[in-house]
Amino acid sequence: MLEPIMYEGGVFKHNLVIELIEDLGGYVLQTNFMQTEVMIQMLCPHEDISMLEDLAKELRAKITRAPLTGTDIIVIAPTLAYHHLPHHACDVAEYMRRFGANTTLIGLARGVGRRIAQISAKERALANEHDLAVFTLGNFEDCMINKKYVLYKDLDVPCIITGTPELQKPPMYAKDYVGHLGRIAHRLKLENELDALDRLVETVGKTLDEQRIEISKDPLTTHPARIMKEIKEQIPEINKSLSPAPITLQLMGARVKLSYPQYKEAIENITFEEGATLGEIAKVLPSGVRDYILIRILPKSVTGFVI
Amino acid sequence: MLPLEVFRVESPDKTGAESYESVIRDVLADLELTTVLGRLWIHIDPTEPVFIFCALIRTGLPPICVKDMADISTGMQSAKQVELKLTNEEHVSTLLNILWIEYGRENVSQPERNVITIDTENKNEVAENLADVVIADPRKEIESRLADALLRITPEGFRVRHHVSTGSEMLFVASEDPIKPEWIKKAEDMMNQLKEDL
Chain A
1 MLEPIMYEGG VFKHNLVIEL IEDLGGYVLQ TNFMQTEVMI QMLCPHEDIS
51 MLEDLAKELR AKITRAPLTG TDIIVIAPTL AYHHLPHHAC DVAEYMRRFG
101 ANTTLIGLAR GVGRRIAQIS AKERALANEH DLAVFTLGNF EDCMINKKYV
151 LYKDLDVPCI ITGTPELQKP PMYAKDYVGH LGRIAHRLKL ENELDALDRL
201 VETVGKTLDE QRIEISKDPL TTHPARIMKE IKEQIPEINK SLSPAPITLQ
251 LMGARVKLSY PQYKEAIENI TFEEGATLGE IAKVLPSGVR DYILIRILPK
301 SVTGFVI
Chain B
1 MLPLEVFRVE SPDKTGAESY ESVIRDVLAD LELTTVLGRL WIHIDPTEPV
51 FIFCALIRTG LPPICVKDMA DISTGMQSAK QVELKLTNEE HVSTLLNILW
101 IEYGRENVSQ PERNVITIDT ENKNEVAENL ADVVIADPRK EIESRLADAL
151 LRITPEGFRV RHHVSTGSEM LFVASEDPIK PEWIKKAEDM MNQLKEDL
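First to last, the protein sequences are chains A and B. Counting from 1, one number per residue, gives the positions in the first sequence under the working numbering. Counting from 1, one number per residue, gives the positions in the second sequence under the working numbering.
Don't read these hints as lab results, they were simulated from the structure. Beta carbons are placed, not taken as given, at the ideal position from N, Cα and C, and that holds for glycine. Be aware that one or more of the hints could be misleading.
Pulled from the structure, derived: some chain A residues nowhere near chain B, Cβ distances all over 10 Å [to be verified]:
id	residue
1	I63
2	A81
3	N139
4	C143
5	T203
6	T271
7	S287
According to the in silico footprint, chain A covers these stretches of chain B (three or more CB under 8 Å from chain A) [what the hints assert, rightly or not]:
id	region
8	11 to 24
9	40 to 53
10	153 to 159
Calculated cross-link-like contacts (lysine to aspartate or glutamate; reagent style EDC-like; alpha-carbon spacing at most 20 Å) [what the hints assert, rightly or not]:
id	chain 1	residue 1	chain 2	residue 2
11	A	K189	B	E21
12	B	K14	A	D154
13	A	K189	B	D30
14	B	K123	A	D154
15	A	K175	A	E191
16	A	K189	B	E18
17	A	K189	B	E10
18	B	K85	B	D68
19	B	K195	B	E10
20	B	K14	A	D142
21	B	K186	B	D30
22	B	K14	A	E166
23	A	K169	B	E21
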């Protein structure tokens with residue numbers, strides 16, 4: 001089993017870490033350089049973590065388990081107005097990034113108000129492309145319970161709601177609810193606010209683990225990280241992308257930041273050692289984000305094999 | 001009236017009201033309005049849905065005229081110009097813009113940092129008129145900041161608005177449904193109560 005790990009240390013000799021992970025059969029998902037520091041997100045085989053720990057100790061680096069690594073989460077604010085941004089919606093998105101998630105933040109076109117709140121088909125399709133949606137809502141219990149559910153009731157992905165009141169049970173149609181995280185007009189740095197963010201990360205992690213268990217009942221034909229590795233090796237253009245995460249991993253596939261009309265065939269023709277092509281084991285679809293490509297890996301029950 | 005001597009946020013939803021109070025404090029602090037407002041009373045009922053904002057504004061600074069920032073003199077009898085000796089440089093760029101529009105760029109010059117001269121035939125009249133020209137009005141700027149704060153504080157979906165604003169008070173009612181007369185009545189009652197013991 002692959003364990004999601006985050007490595008934080010100096011740039012000096014960090015390539016040793018990358019080499020070790022590759023030798024162990026793990027995957028490096030993302031490498032971010034911040035001047036002389038480097039942050040590497042990776043998947044490491046569970047039984048070999050001690051080797052990684054030893055190397056990190058030698059390089060004076062820090063290793064932490066990042067439960068949200070390799071997931072794609074969308075944070076949805078009712079609009080992009082200063083009522084919600086930069087605090088608290090951006091703070092929520094940023095905090096989850098620290099635990100390894102790739103977060104996208106959007107504001108709905110008409111998500112405000114009570115009676116007038118609505119979500120468009122395009123926004124819904126965009127949210128459904130992700131592993132999980134976090135709705136950052138406001139202060140009032142009545143709005144939360146009786147009105148705002150229209151925003152997420154038709155979503156296929158699990159939805160976690162944040163708001164000010166402490167609710168006994170999550171609102172209708174929501175997977176879970178995190179309180180004390182409603183409309184806040186300052187940077188979230190007070191103790192209770194950070195506690196609420198921690199609870200959110202825990203709730204998100206729990207929900208994603210449940211999804212992983214659900215997926216493991218009918219396992220995917222291959223691991224999304226393997227697809228990422230093959231794309232990097234077989235389509236060199238991906239390395240020219242300026243995005244920090246040219247390939248965003250998801251629980252059931254990946255989003256590739258290449259033009260769909262241009263690269264659809266190249267992606268489908270990617271060949272694995274075992275002989276299968278990507279087109280046979282996954283659906284290659286247009287993504288709702290720009291003209292990017294969305295890959296959805298087919299489960300074993302459809303393809304009949306696992307590689 | 002002391003700054004924010006009355007600060008009341010009411011709602012049937014207690015937790016919501018507390019949290020809203022924090023939002024309002026942040027917004028007022030961000031826009032540097034804490035010393036501008038004397039009394040503030042906000043009522044929010046999400047089930048109605050209505051948002052009522054009543055505030056008494058403290059009388060602030062008077063407008064700044066040319067005579068407040070410069071000594072105006074006409075110089076010698078023979079000279080055909082008015083001379084402004086600046087005592088405060090804060091609003092010089094605005095002053096210059098106003099002078100250029102009024103007297104033309106070619107007639108306005110600044111021989112020294114603290115001196116501005118205006119060439120004119122009838123210098124006495126110009127000197128007299130110039131003294132009371134308003135250069136900056138802090139009240140206007142505060143009003144625009146206050147309007148900004150209101151938009152930030154009001155729940156975003158409440159786009160049907162009713163407001164009454166005089167120099168010293170501000171009454172604002174917002175909802176997502178048409179405004180009901182009883183809400184305005186309630187707002188006026190709140191305002192009257194706020195004004196008591198002044």
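Each hint, compared with the structure:
1. I63: At about 37 Å from chain B, I63 (chain A) clears the 10 Å cut-off, so the statement holds.
2. A81: At roughly 6 Å from the nearest Cβ of chain B, A81 (chain A) sits no farther out than 10 Å, so the non-interface label is violated.
3. N139: Nearest chain B Cβ is 4 Å from N139 (chain A), so the label is violated.
4. C143: Violated: least Cβ distance 5 Å, not greater than 10 Å.
5. T203: Holds: least Cβ distance 20 Å, greater than 10 Å.
6. T271: T271 (chain A) clear of chain B: closest Cβ-Cβ about 51 Å, beyond 10 Å.
7. S287: At about 29 Å from chain B, S287 (chain A) clears the 10 Å cut-off, so the statement holds.
8. 11 to 24: holds (count 8)
9. 40 to 53: holds (count 4)
10. 153 to 159: holds (count 5)
11. A:K189 <-> B:E21: Holds, at roughly 18 Å.
12. B:K14 <-> A:D154: Between K14 (chain B) and D154 (chain A) the Cα gap is close to 31 Å, so the pair fails against 20 Å, i.e. violated.
13. A:K189 <-> B:D30: 17 Å, holds
14. B:K123 <-> A:D154: Violated, at about 76 Å.
15. A:K175 <-> A:E191: 26 Å, violated
16. A:K189 <-> B:E18: Holds, at roughly 18 Å.
17. A:K189 <-> B:E10: 26 Å, violated
18. B:K85 <-> B:D68: 11 Å, holds
19. B:K195 <-> B:E10: 18 Å, holds
20. B:K14 <-> A:D142: 12 Å, holds
21. B:K186 <-> B:D30: Violated, because 29 Å separates the two Cα atoms, which is more than 20 Å.
22. B:K14 <-> A:E166: 12 Å, holds
23. A:K169 <-> B:E21: 26 Å, violated
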